[in-house]
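Place chains G, R and H on chain V using the hints.
Protein chains in written order, with the working numbering: chain V, 1 to 279; chain G, 1001 to 1279; chain R, 2001 to 2279; chain H, 3001 to 3279.
These are calculated hints, taken from the structure and not from any lab test.
There is no bait here: all hints are sound.
20 angstroms max Cα-Cα, derived SDA-like pairs, lysine to any residue:
| # | chain 1 | residue 1 | chain 2 | residue 2 |
| --- | --- | --- | --- | --- |
| 1 | G | Lys1131 | H | Lys3111 |
| 2 | V | Lys238 | G | Gln1017 |
| 3 | V | Lys7 | V | Lys70 |
| 4 | H | Lys3206 | R | Pro2192 |
| 5 | R | Lys2048 | R | Thr2083 |
| 6 | G | Lys1110 | H | Asn3254 |
| 7 | R | Lys2007 | G | Asp1044 |
| 8 | V | Lys48 | G | His1237 |
| 9 | G | Lys1099 | G | Gln1169 |
Listed below, chain by chain, are the residues.
4 protein chains.
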Amino acid sequence: MTIIMDKIVIQLICPDQQGIIAQITSILYDCKINILSIEQHVDDNEKKFYIRILADLKNANIAFNQLDKKISVLNNKLNGKLTFHNPTKKSNVAILGTKESEPIYDLLIKKKAGDLNCNIPIIISNHNNLKIISKQFDIAYYKINNNNELLDIFNKNNIDLIVLARYMQIIPQNIIEQYKNKIINIHHGFLPAFKGPNPYRQAFEKGVKIIGATAHYVTEELDEGPILYQDVVNINHKHSVNEMIQLGRGIERNVLYKAVKAHLNHKIIVYNNKTIVFN
Amino acid sequence: MTIIMDKIVIQLICPDQQGIIAQITSILYDCKINILSIEQHVDDNEKKFYIRILADLKNANIAFNQLDKKISVLNNKLNGKLTFHNPTKKSNVAILGTKESEPIYDLLIKKKAGDLNCNIPIIISNHNNLKIISKQFDIAYYKINNNNELLDIFNKNNIDLIVLARYMQIIPQNIIEQYKNKIINIHHGFLPAFKGPNPYRQAFEKGVKIIGATAHYVTEELDEGPILYQDVVNINHKHSVNEMIQLGRGIERNVLYKAVKAHLNHKIIVYNNKTIVFN
Amino acid sequence: MTIIMDKIVIQLICPDQQGIIAQITSILYDCKINILSIEQHVDDNEKKFYIRILADLKNANIAFNQLDKKISVLNNKLNGKLTFHNPTKKSNVAILGTKESEPIYDLLIKKKAGDLNCNIPIIISNHNNLKIISKQFDIAYYKINNNNELLDIFNKNNIDLIVLARYMQIIPQNIIEQYKNKIINIHHGFLPAFKGPNPYRQAFEKGVKIIGATAHYVTEELDEGPILYQDVVNINHKHSVNEMIQLGRGIERNVLYKAVKAHLNHKIIVYNNKTIVFN
Amino acid sequence: MTIIMDKIVIQLICPDQQGIIAQITSILYDCKINILSIEQHVDDNEKKFYIRILADLKNANIAFNQLDKKISVLNNKLNGKLTFHNPTKKSNVAILGTKESEPIYDLLIKKKAGDLNCNIPIIISNHNNLKIISKQFDIAYYKINNNNELLDIFNKNNIDLIVLARYMQIIPQNIIEQYKNKIINIHHGFLPAFKGPNPYRQAFEKGVKIIGATAHYVTEELDEGPILYQDVVNINHKHSVNEMIQLGRGIERNVLYKAVKAHLNHKIIVYNNKTIVFN
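If we strip away everything but chain V, and leave its shape as in the complex, we get (with noise of 0.2 angstroms):
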């Protein structure tokens, strides 16, 4: 089968050496293929090497099955961790809900305006608060009884991304398994504080003087996964727990669209349960 990219997203992680970039743009440069951005990161510590390679494949000399052939080699070479994405695809995103609104119209108005490069065919719920949303935007809705039934919706909606956006559930190991860093979720307190529930009681109760949201990938730990991006709004004395959580709504809403953004940019690379987001 031949793929045909107008665009395409290199990422590679390799053990840090001399020659990386000089090795992959120049195979680049001689497939006539033109790069629109380059962000590379070392690890001094780890000695890793992390570059994300935007290009351009209008004018190429080659397919993308001899592109990849070429690069892998260089990747075998490198002893390296390599992966391609169509920047223009798609992807099919399920947003997963229990009665807070916010975040999810965020998401859908986002994506409306073309701010978001995905599809969102699903709205899934154990609840039927969220199905007024599903029908002012014209998305199937699912309400669940159980998170067994999760699955079989994602299989059969081709499902690439889950997005949690206060979807009070655990959700369970098999599907953590399966979407490895493909589950993004919104947690509304400034971890690693305030894990579990009720961050902005225990903010309250703690007396902070600022409270945060945090996007993450989510693992079998909870609220432990790899941090994606986080927010932060400045609170005093005068904020209830309830003005706290009003407040705190536009930060949630706001990290894990950019967290969602970013994920669909292919921008993130996961190692040793922290990210690099290149922005």
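Chains G, R and H alone, transformed into the frame defined by chain V:
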């Protein structure tokens, strides 16, 4: 003894009830005392009322001692806790440090610019690194070998406020008791996350995207005292621990300065291990 | 007619003088009216005093009409300007837009979540693009051809507050006069920099490192009315004008929401083309 | 003369075309030069390509002079503008001030802490107020009567970078020409708003809710040079002009420090009166 003041700060805490503001402001009005600012807060959970009044005594028709009596009668009726402060009187501040110079410089520069209403007669350290600062700013320097020497030094210098500007030592319990809500510490982490030593390394290893600093009053439990100010700065995967330390210095000095300033201006009320910081 | 209210907001502006707080709070105390919050400000340049009181009338021993008389007598004595507001009464808000949907969605979502104390009966536009939103949220949509149609629509719908959510049209002067300090505009620039059209292009060409948005009341002079809220976001050389527009949307909706909320909660006092926004 | 360097910064600007990165990194690879970081930018409007490479010469198989030749040949082919910088060489910085001490203190403290890679041999002022600082930090102090004295002083002290730390004087045109993109000014306003004197008073009178500071290179037109950094702080109706000045100091020193640091680390490229500041 007759106390003469130009201005006065009145702080009152009492069970919430009707007419507190009317009664206290009526006393001031009768005494021809002009209110410059009034800030109040009701804690709906605790049913507690908090008020801070800054008043001008210039045209008062009454001596302070008489005013004290009148308001104390009201305070007893309200079942409250009343304190008076003289906002123009300069507090004596002791700065304790170890090797880090930046937060100390900052306090001295702000004081020199007239931004802090205090004297800073002494710097205390268990090292010699900060001696140069004491020379530059012509301040007595105490190099101590043991924290048991501290209390004597505080007493001899009539210290009102103790500032721990990255003083990496545990303060003896008798000092904490004697200087209750009069010891301000700067912790180089976003409490309650990252307590204890090396918060930046903890943050690096966790892979957070924001780091913070916290100014708080010192209590017997390490890094658990009432929080006064917090500030944060964004980081990403490129920041090494050392770069986080560099970046962090900027927010550390900032929250410490703000906390010291609010304390010196009698803007802080402590309750339930939390603070009200009037602005 | 007897007006029945649960709560009341009292705003008073007068020349600064002694005893204002004592006199007004004493009236409330005598009437068994409980003060929920009190905020005051003295402008030392103008020698003006501003106060906002939120009070609970539940246990009052007096009807509103009587209270009005009592406080009006005081107001005359103080040579002041007094206004009463019913904080539980919902204002009628008209939203005007052109093609940009995000700030409108945001207001509707916040209203639906109970974060805005108002009705939003109508959306008005000179285009059809926003009609879909009015359908989604079941709100009347007026497609107008001429701004002269506006006043009639406002009158028919008893509009209290007009919100220009990126409405790229000049509002007729008679409406500005009739709705003085009742028309809120969002300008997508950091006023007073970048007035007029295309502020993001202006910012791009100037090479600024921060862009902003400004919510303000509309006056006869374009983009010169009293400022209510401002917010900013960092940019750099990588941001194209279109990316600045995308980023800017986030702060535009944010300042507009905050401004509308403060207005609806009667937290704003205008003087000298500037605002006091109590928090 | 043979130039010996441990590390090198290469900056190249040229018309955008294919293969730039491949060609330049291949030269470095052939010479066994290790790339530590690479940052590039394409300006789609101007069709210009910008790159900054930081490389380690430790294991290079070539002298700098030879490398210079090789890359210059490429540069000619690309029709580019090429500059090399030695990142470990310390620049000589002159600080000019008037009365304001805080931004000067800040630069000296950051230098002392090792956060600024430079020498600061001289402070110049048209007043005596800052002499105390030069004594504290053991730096030569020049009290000048006329800006015509400046150039001589710069020449005698081999000054590479001139920092205007609130120097309220117009710099002579011949100095601006000679030190093109080597004079950094801190303006205490959010440019392009509030140019000229008393920006805080202008901001106060306009009633803005955010104030800012701007670091920029000095050009012949006052406050119009390419912007390097900007920062802001929220204010409200309570802030007097003097309180705005106090608050503003914190952001002024911050943007000045960041701008000086980026300049010293050769992270800035100027084009079209705008800047690329690599991070």
